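Participant: Keeping their order, the protein sequence lines are chains A and B.
Residue 292 in the UniProt record's numbering sits at position 292 of the first sequence, with consecutive numbering throughout.
Residue 77 in the UniProt record's numbering sits at position 77 of the second sequence, with consecutive numbering throughout.
Hints in this document: simulated from the structure, not taken from any laboratory.
There's no promise every hint is true.
If you want a taste of the chain A side facing chain B, the calculated C-beta under 10 Å gives, among others [what the hints assert, rightly or not]:
1) M79
2) T113
3) G297
Since we're looking at a predicted model, the values are computed, not measured.
Each residue gets a CB set at the ideal place from its N, CA and C atoms; glycine is no exception.
Chain residues, written in single-letter form:
Number of protein chains: 2
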Amino acid sequence: MTAVDPSVTGKGVPVTRRGRRRGETTVAVVARLAGVSAPTVSKVLNGHPGVAAETRQRVEQVLREQDYRRPDAVTQAPMLEVAFQALESHLAIEIMRGVAQVANARQLAVGFTETASGPGWLDHVLRRRPVAVIAVYGAAMRREHARLAASGIPLVALDPTGEPVHSVPSVGAANWNGGLTATRHLLELGHRRIAMIGGPPGFLAARARLDGYRAAMDAAGAEVDPSLLRSGTLSYEDGLRHGRALLALPTPPTAVFCCNDLLALGVYEAARRAGRRIPDDLSVVGFDDLEFARWSGPALTTVRQPLADMGAAAADLALTLATGTAPPRLRLELATTLIARASTAPPR
Amino acid sequence: MTAVDPSVTGKGVPVTRRGRRRGETTVAVVARLAGVSAPTVSKVLNGHPGVAAETRQRVEQVLREQDYRRPDAVTQAPMLEVAFQALESHLAIEIMRGVAQVANARQLAVGFTETASGPGWLDHVLRRRPVAVIAVYGAAMRREHARLAASGIPLVALDPTGEPVHSVPSVGAANWNGGLTATRHLLELGHRRIAMIGGPPGFLAARARLDGYRAAMDAAGAEVDPSLLRSGTLSYEDGLRHGRALLALPTPPTAVFCCNDLLALGVYEAARRAGRRIPDDLSVVGFDDLEFARWSGPALTTVRQPLADMGAAAADLALTLATGTAPPRLRLELATTLIARASTAPPR
DNA sequence: CTGAAAGCGCTTACAG
DNA sequence: CTGAAAGCGCTTACAG
């Protein structure tokens, strides 16, 4: 119960009264600037009735202009909130790492929420009054965006989908380029019969990767055999399923480009069951570069999405927006890189 | 900037003054009960100097008894804090999942901190006034424990190490049993020459797994060849290193029990390089059952630590302590289970 | 609808 | 080391 508040005791921060730093806007100041009394400001702040609409508006404007904050908001450690649709995502931990790095450097707490837990998640987030919210994977929808905007809390989409979400500032990866690079790598090794296992139809990032694949194939004058184009969920199981189907073809592909690493591991298993060796009988390229990619046997050649960097960039963007500064760019696309390991080789 | 405080406006909660609910303990009440003045209580609350040790103690006792809370604490959404030494841990995300599940069910926010980020992490945590703190992997040390105790915030160790940390309530896994079960599985398949790759010396959980291995070997009357006992860090690299050394022995083992899944994947690579097949030439058992264990080739037989359940149990324990109730047990050890997959078979 | 007055909870500056 | 007094920020009850 010591309840030491560092904003009062520590670091020589000049303090006047409870929890309020010198020079910060008080109700009295707002009242003066709005040409009303302190009680009226108080009513506006607390949403009490008995204030004319026009007066209320004027007061709210001054509150915004002066960046008024309740005294208790000061004692709260400022925090950055990250909303995941579900923690199931294998990408989650790496993203968190990037966000945490930036947040820690700025002495900010990080909170996180699973939006799948129910529709009330935003209420909880709003009560915590984060300085900004990062929504991963389309976790925040239009309605949530509006409520956050109304509270003056900036929202940034961390957005492996590449889907433009109602003009929300966002960070993503260069998916098309990744698809292009992966396919070029296989073409340069001498492959021509290259299959691709894509993602679900609505998933724009998957579409971009596919288009990159097509572009590389076209540029090399390599034919895209429609029977080599498969798509499904981004899961190990679908990798196994499509891998088996591809290897069972009369003329199977000599290489497969997978829309993510999980699919690639499924293809590994399909090859194992079919008695084909990777990379001798089949080259495989993934996408993401999750940690286990380099521990798989053989180590997986894949396209690296810089998830930690993306998290860090999203945090930077969010915190810039939180200060009211206009950031240089509202959409950031981070480069993807091909990581060539042991799952690709020239065809026999 | 509307800053509506739901505790003031909403739900008919009776309110007297700013943010304080009717009947809640005020500084004045505490002062009266402690036989001091309000200013003295204020000094204690804020850790200011100029209070006799004895007086401070008396006041702190009353604060605890009366469950005093700062008025701003009321407006804050209650939160449960999880402290990780580093997010590097592959176990982190699964633990978080379990914690989040319990916390969400009780409408609690979850915050998380990396303690590796610096010695100031506890200050930040204390400012957020979590209802409880869960320290993963010995993240909180004696000093931190004392400060949390002084603030009346319960601490629970989630403790794969099995190390009893200064009588802090904790949740762990049945490591000894896991080691026993894994080794028995190999013995039952007919192996006798079974190697073990253990963890670092200070790591008690690793020691428990090793002891379980020894117990199973002894019970089966199988000799433990000292050259088959190796130890190092719990990394892929050390798995590779020890795996190569073991396979290079004049009489190599027919099976290896690894202290975690990462080591096992390193042994996979060692086998691959030595041209030995798993499980035909070498059986491998891991420990943890991380998600990628079932995606490795062949799918890894391993001892499952129920990390999500452990996170959930730690959260339950923490929240029980937070209500002031004495929990039924202060140390919980969750069962481990052998998951037999494709990396183990009878020796040739 | 508005604000002067009263009052609450807490903190600070300072006298003893 | 302690607390009476003063004061701050905010809210409430109520008069106009």
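Participant: Confirm or reject each hint.
Facilitator: Hints versus structure:
Given the 10 Å rule on beta carbons, the hint for A/M79 holds: about 7 Å separates it from the nearest Cβ of chain B. Hint on A/T113 holds. Least Cβ distance to chain B is approximately 7 Å, under the 10 Å limit. Below 10 Å, beta-carbon pairs count as interface contacts, and A/G297 has one with chain B at about 5 Å; its hint therefore holds.
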